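Peer 1: Residue numbers (our numbering), protein chains in the order written: chain A, 1 to 160; chain B, 1 to 290.
Don't take each hint at face value.
What the hints assert, rightly or not - Calculated lysine to any residue pairs in the SDA-like style (CA-CA distance at most 25 Å, straight line):
#1 B:54 x A:121
#2 B:40 x A:54
#3 A:72 x B:205
#4 A:72 x B:48
#5 B:40 x A:31
#6 A:121 x B:94
#7 B:156 x B:243
#8 A:7 x B:11
#9 B:156 x A:19
#10 B:267 x B:148
#11 B:59 x A:121
None of these hints come from the bench; they were simulated from the model. Nothing here was measured: the structure is a model prediction, and the numbers come from that model.
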Amino acid sequence: MGDRSIKLIVNGYSYNVSVPAETTLLEVLREELQLTGTKFGCDTGECGACTVLIDGRPFRSCMTLAVEVEGKRITTIEGLANGGELHPVQKKFVELQAIQCGFCSPGMILTAVAFLGENPKPTRQEVRRAISGNICRCTGYQKIVEAVIAASKINGGGRK
Amino acid sequence: MRDFIIHEPDNIGGACSLLLEFGTQARIIAGGTDLLVDLKQHNIEISHLVSLAKIGGLKSITTIGDEIRIGALVSLNEVAESLTVKKRLRALCKAAASMASKQIRNQGTIGGNIASAVPSADLPPALLAAGAHVIITSGESERKVPMSNFFYGPRKTVLAVGEILTQVVIPSIGKKTAIIYKKFKLRGANALAVASVATRITVAGNLIKEGRIVLGAVAPVPMIAELASEMLAGQIPSHNLFFRVAEAAAAEAKPISDIRGSREYRKELIQVLTKQSLDEAFKRATGGGD
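The whole structure should be built from the sequences, with the hints applied where relevant.
Peer 2: Structure below.
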């Protein structure tokens, strides 16, 4: 029924895209902007692989229509590193090998970054609760929890 | 998803007019967490969406005296974390916090959780226990509907074509009264209620003045267990009384068997959850614990 022109602010850059109204934010990120770090998982809001930050808070991009986030500040996994330097949460995921297949990692990391922004010194139990909306089928979560705890001990662990 | 046109009116009257104009071809989108799944799976086929996102006045929690008014677009996380709500109706915060995932709670709204009328929804039992009502507007006029009269059946409500639920109003809860929400789910997170109970107790001296027991996920709509509730009025609280009331609540429940639990299992759950919630509500109403 005709495309809609919208302006999206992703990782600090402004993009103008023209998409049908039924296009999700996930589809725009992956297919229009080629930001394929955000993963297409269950497509029904259950798995968390498509998590992005909207104005600093985690959302499911598969359950968000692109037209509804016009003008809002969107952060994807590609926007976390500062220049060439990885975000503290990313660093700890690598260092502590909190990754196996890697499919859940972008969503998991963004959820953790938003969480550490709210709760800079969490307990392991709080971390487990915080990442409960992101499903990992490889790791058993143990190393992910350890990586988030380790990141919380670095200054700027919750920087978005 | 099939293609549709999204309308983004900036006032409620405009939204109501669009809903009237497009009738069964239109749906309201608030958080969209139920609706987008239905659209993707082709459970719903429509050609117009009316977004409430640009309408002012639907996103705040305010108090007038002891009454709390929650705008329909307030997110589930905002309900869960609101100090205003926590102070007066903690059971509602707990119910909101128990839902889905952080991401979905940032997106899903209180209005959507009510208006979607899913039998396992978490907020309606606590709201029914609190005696809440909703404000519904047609653009031209407003009406007030008690939560206890809002639901007709699964995904069926009193909302007519062209009407929008705009506010949820929680009355003053009163002294010596406690409301407790208990939910059984199959996992610690990302899980719907298999059965839930919201219990309200008011004490006076050594007696229970009155009580109300609301059951979730065990009937086509969230239901007040009337007989069980009446058994509490004017009684001396005791383990034995609460046990009999819990049995009565289980007898009143009308659950179905589905993927999350059988009819028999749900009845057992109602008995256990009712007993637990009565114990806790009594303790809190008499000033003990939380």
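Peer 1: All the hints need checking, so say for each whether the structure fits it.
Peer 2: How the hints compare with the structure:
1. B:54 x A:121: 36 Å, violated
2. B:40 x A:54: Since the Cα atoms of residue 40 of chain B and residue 54 of chain A sit roughly 22 Å apart, the hinted pair holds (cutoff 25 Å).
3. A:72 x B:205: 54 Å, violated
4. A:72 x B:48: 23 Å, holds
5. B:40 x A:31: 18 Å, holds
6. A:121 x B:94: Between residue 121 of chain A and residue 94 of chain B the Cα gap is close to 23 Å, so the pair holds against 25 Å.
7. B:156 x B:243: Violated, at about 33 Å.
8. A:7 x B:11: Distance ~23 Å between residue 7 of chain A and residue 11 of chain B Cα, so the pair holds.
9. B:156 x A:19: 33 Å, violated
10. B:267 x B:148: The given pair, whose Cα atoms are some 22 Å apart, holds under the 25 Å limit.
11. B:59 x A:121: Not satisfied, since the Cα-Cα distance of roughly 30 Å exceeds 25 Å.
Violated hints, listed in ascending order, are 1, 3, 7, 9 and 11; each of the other numbered hints is respected by the structure.
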